Amino acid sequence: MNFLNDPITQILGSWASGMNFYAVVFRICISVLFAAIIGCERSSKRHSAGLRTFILVSMASCVSSMIDSCIISHTSQGFPIISAASVISVAMISGNSILFSSRSQIKGLTTSAGLWACGIIGLATGAGLYTITLVAFIALIFCISQLPFIETILKDRSNHFEVHLELKNSYNLQDFVVIIRKLGLKIDDIESNPAYANSGLSVYSVSITISERDFKKYKKHKDIIEALRSLDYIHYIEEMN
-12 MNFLNDPITQ
-2 ILGSWASGMN
8 FYAVVFRICI
18 SVLFAAIIGC
28 ERSSKRHSAG
38 LRTFILVSMA
48 SCVSSMIDSC
58 IISHTSQGFP
68 IISAASVISV
78 AMISGNSILF
88 SSRSQIKGLT
98 TSAGLWACGI
108 IGLATGAGLY
118 TITLVAFIAL
128 IFCISQLPFI
138 ETILKDRSNH
148 FEVHLELKNS
158 YNLQDFVVII
168 RKLGLKIDDI
178 ESNPAYANSG
188 LSVYSVSITI
198 SERDFKKYKK
208 HKDIIEALRS
218 LDYIHYIEEM
228 N
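This note's numbering puts the first residue of the sequence shown at -12, with every later residue one more than the last.
Just so you know, the hints here were simulated from the structure itself, not pulled from any lab data. These figures come from a predicted structure and were not determined experimentally. C-beta atoms are modelled at their ideal positions from N, C-alpha and C, and glycine is treated no differently. Be careful, since some hints might not be right.
[Claimed, not checked] Pairwise CB distance ranges, derived in the manner of DEER restraints: (1) ILE58 / GLU225: 18 to 26 Å; (2) THR118 / VAL164: 38 to 46 Å; (3) ALA100 / ASP175: 46 to 54 Å; (4) ALA100 / VAL11: 24 to 32 Å.
[Claimed, not checked] 30 Å max Cα-Cα, derived DSBU-like pairs, lysine-lysine: (5) LYS155 / LYS207; (6) LYS169 / LYS142; (7) LYS209 / LYS173.
Given these sequences and hints, build the entire structure.
Here it is in structure tokens:
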């Protein structure tokens, strides 16, 4: 899709396809607006990369795309050097937003992917591909705001889940295993968490499979965890994402 057959460009007029003052301001405003909406969604959920980060990534990508367009139109350079560098830079920023928590959980994957996608949207905006920008923005905001609800439903219906388990004493692990089997569950793997070595607690990551069909039919993961939480020797337990 180019300027000539972009539906939104045709509606706006020929000025939107050029590299004039109004087109430049319009593209930057779009990149900032869309990134701000995405950034607000992330900030509302207290993620590390929020409003300012998303705006900066999108705006920088937009500007780099416009610079490449100017360079290509005035020289024999046919490859978007600055845009390519922007993609690499955004990928590095996204990678640095991924963290590993003390509970052996990976944090920031969605934010990382969102930053990368926001950078790509900024590049499309800078290139004047308004229809692609709008469709990509709608798809991105839907994915990060609505899909978590669908993921929760799918996880609750899964036969497999993983829990972060804190026991008051390592000797209680055997008791925990016995209870799990009595509940019609199967332990696939138990991994000790070294981050809590000097805490006085015995901490594990436990992978569990729901093996009995009737049990799976009437119980969700949170119901199972709530039942386990009532055991005296369990200090803390939660499902891992």
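Index of numbered hints that the structure contradicts, given in increasing order: 1, 2 and 3
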